[in-house]
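Undergrad: These protein sequences, in sequence, are chains A and B. Note that our numbering has the first sequence beginning at 1, numbered continuously upward. Note that our numbering has the second sequence beginning at 1001, numbered continuously upward.
Be aware that one or more of the hints could be misleading.
Some chain A residues close to chain B (C-beta under 8 Å, calculated; not the full set) [what the hints assert, rightly or not]:
1. G17
2. F235
3. E239
4. A245
5. S271
6. N273
7. M274
8. V374
Okay, the calculated bits of chain B under chain A, using three or more residues with CB under 8 Å as the criterion [unchecked claim]:
9. 1023 to 1032
10. 1064 to 1074
11. 1077 to 1086
In short, the hints are calculated from the structure, not lab data. Predicted model, so just to flag it, every value in this text is computed and none were measured. From the three backbone atoms N, C-alpha and C, an ideal C-beta is built for every residue, glycine too.
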Amino acid sequence: MNAAIIFGLLLALMLTGMPVSIALGLTVLTFLFTMTTVPIESVGLKLFTGIEKFEIMAIPFFILAGNFLTHGGVARRMIAFATSMVGHHHGGLGLAAVLACALFAAVSGSSPATVVAIGSILLPAMLKQGFPKRFGTGVIASSGGLGILIPPSIVMVMYAVSTNSSVGALFIAGIVPGIVLAFMLGVTTWWIARRNKYPRLPRADWATRIKAFRRSVWGLLLIVLVMGGIYSGIFTPTEAAAVSAVYAFAVAVFVYKDMPLSRVPRVLLDSANMSAMLLYIITNAVLFSYLLTSENIPQALAQWMVDTGLGPVGFLVAVNLLLLLAGNIMEPSSIILITAPILFPVAMALGINPIHFGVMITVNMEIGMITPPVGLNLYVASGISRMGMTETTVACFPWLVTMLVFLMILTYWPALSLWLPRTMGML
Amino acid sequence: MPLRILDHLEEWLITFLIGAATLLIFVAVLHRYGMDLSVRWGWDPLYDWLFAINLSWAQELCIYMFVWMAKFGAAYGVRTGIHVGVDVLINQLPERWRRKLVLFGLGAGALFTGLVGTFGATFVWHMAHTDATSPDLEVPAWIPYLAIPLGSYLMCFRFLQVAWAFFWTGELPVHEQAKVEGLDDEIEHDQAAGLPEAVLVGESVALTVDREHILGPGGRHRRHGGQAKPSGHKGSQGERT
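My request is simple: use the sequences and hints to build the entire structure.
TA: Here is the structure:
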C-alpha cells in the first residue's frame, strides 16, 4: 500500500514536468510528513551525507576530463586515427565513426559527450563526402552510446554508488561487452553501407597510420592511465578520474595547444554545472531510497518476486522491459538511482551477479538514450545534424535493433561481462 | 546590480571549487605515489620531505568542496535550466495548461528547496552548539554543513527568479546539450593562422540539402560507387572548404 502511494506520488509529480530531483525530494517530504512520525529534520542531514562518499566524486572528475577532451583536439586526432585504420572498408567514415566513438568512450564517461565530440567533427565530413544525413546521424547517435558501456562510465559509477558495488570491477566488466558491441555496430554499418554503395576511402598506408597514431597517442595514453591505474591498484577510480582530468587539461592546453588558458574557467564552470545537477539528483535519490528501505519496500518486492517463482530468466526479461520503458521518458542517471535500489535486492535474492546486473542495466540505459521521446543522444545528434527528432529516431533504427540483439546476448550469457573481471581476479 | 554580483560570485565559487578539488586530489595522488617511489628507490631526503607533508585531510576537504559545489552549482543550474524533468506530457498540453504546470513545477522547486534550507539551518544551529568537529580537518562540524542552508536558500531564490521571469515573459532557461563551447573559436583560430579550416556544421547541412534538391530525397540510392567522389581526403582532417 505504502509502495503504491510513494510511487503514485512520484509519478504524478514527475509528470508535471518538474525536475526529477525535486519530484524525488518532495515525494519523500510529503510521505514523511503525512504518513510517518520520522522527524522531518533528519532530512537535512541526509541531504549532506547522501553525497559524502568519495566514490561519488568520480562523477565530477570524469565530467571535467570529458569536457577537456571534447573541447581540445583529442577527439579530432582520434577520428583521424580511426579513419586511417578502417576508412577503406565499406562505409568508410561510418565505420571510422564507430571506431572513433569506441576510442573516445574509453577516455570519456558520458554518451552525449561522445556524440558531441565525435559527431560535431565527423558528421559534417561524412555529409561532404556524400553520405546521406540519415546514415551519418544514425551511426553517430547510436555509437555514442558506447560512451557509458566502455569504461570509464558515469552511469556505472551511479550504479556502483547506489548498490555498493565495486566501481573498478564494473569498469573491467564493461570492456569486453563494449568491444563486442562496437564490433556489432560496425558490422551493421558495414552491411548498410555495402548494400547502398556508400563511398569508401582509399586504403591508408602504414606510414599514414603510424603518423595518425602518433598524433593521437596522447589521448590514447589516457586509456592506459585510467584502466591500468585502476586495475593495478595505483589509483582508486575517483583518483583515476581526478588524474585523468588533470591529464586531459594538460594535453588540451599544453600538448595539443587546442585550448587557450582563457577558456579553462568556462570549461570548469560548464563541468561544475553538469556535475552539480547530477549530484543533486543523487542526493535526492539517496533520500528516496532511504525512504524505500525504511518502508521495507525492496525487501517486500524481492520476497514477492521469489514467491511468484518467476526465476532469474523471467526477472531479467521484466527488468529489461521496465528499464527500456523508463528509458523512453527519463534520463539514465535518474533511472538508475530510482530503480537500482529496488531491483538490486531482488536480483541478489535470485542469485544474479551484481556486476553482471550492472553491465546489463548500463546497456539498457544506452538503448534508452536512442529511444524517443527522451533520448539524450537523440537530442544531441539532432542538435548537430539539425534533423527533427522523429527523423533522427528513424535514422537510428538499424543500430537500435543491433543493440537490442546485443542486450539479449548479454543478458543471458553472463560470461560475456564476467569473464574478464574473473580472469583478473576482481570478483 | 547586487544581483549581478551574486551571479558572478556564484559562478566564481563553483568554478574555483571544481578546479581546486581536482588539483587537490591530483597532488594527493602524486604525493602518495612519490612516497612509494622514494621508498622503493631509497631516496631518503625526498621521502623525509614528503613524509613531513601530511595530506590525509585531502579526501575530506575534497568531499566538502564538492558538496559545496553541488549545492551552489545546483542553484546555478536552475538559472541555466539544466535540471531536467519529464516534460513529454506537459509539452502536449494546450499552452494555458502547460504554463500553469510549469509554474507549479517551479513553485514546487522553490517550496522544496526552501523547506530543505530551513531544515538545514535548524540542523546547523543545533550543531553549532555542540563541540563536534570533522574527523580529519578538525574544523567545527557545522561549518561544512552550512552548505545546505546557504545553497538551498539560494536555489529557492533562483527558482522564484525563474518563475517570475517565466510569468512575465513566458521564457524558460534552456540548457543546450549539443553546443560545443569554443568549436567556433577553433575554426576562427585556424583561419587566422592560415590553416585550412574544417567544414562548418551549418554549411555541410546546406550542402546535403542542395544535393537532395538535385537528386531527390532518394538520390542517395542512385549514387553508385563510381559517382562518389574518389577523394583522397581523410575524414575531418582532409575535408576542407
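Undergrad: For every hint, state whether the structure bears it out.
TA: Each hint tested on the structure:
1. G17: holds, 4 Å
2. F235: holds, 6 Å
3. E239: holds, 5 Å
4. A245: holds, 5 Å
5. S271: This interface hint holds because 6 Å falls under the 8 Å limit.
6. N273: Check passed: Cβ of N273 of chain A comes within 6 Å of chain B, closer than 8 Å.
7. M274: At about 7 Å, which falls below the 8 Å cut-off, the nearest Cβ of chain B leaves the hint on M274 of chain A intact, so it holds.
8. V374: With a closest approach of 6 Å, the V374 of chain A hint holds.
9. 1023 to 1032: As far as the segment 1023 to 1032 of chain B goes, the hint holds, because 5 residues have Cβ atoms under 8 Å from chain A.
10. 1064 to 1074: holds (count 8)
11. 1077 to 1086: Since 7 is at least three, the answer is holds.
When held up to the earlier numbered hints, the structure conflicts with none and fits them all.
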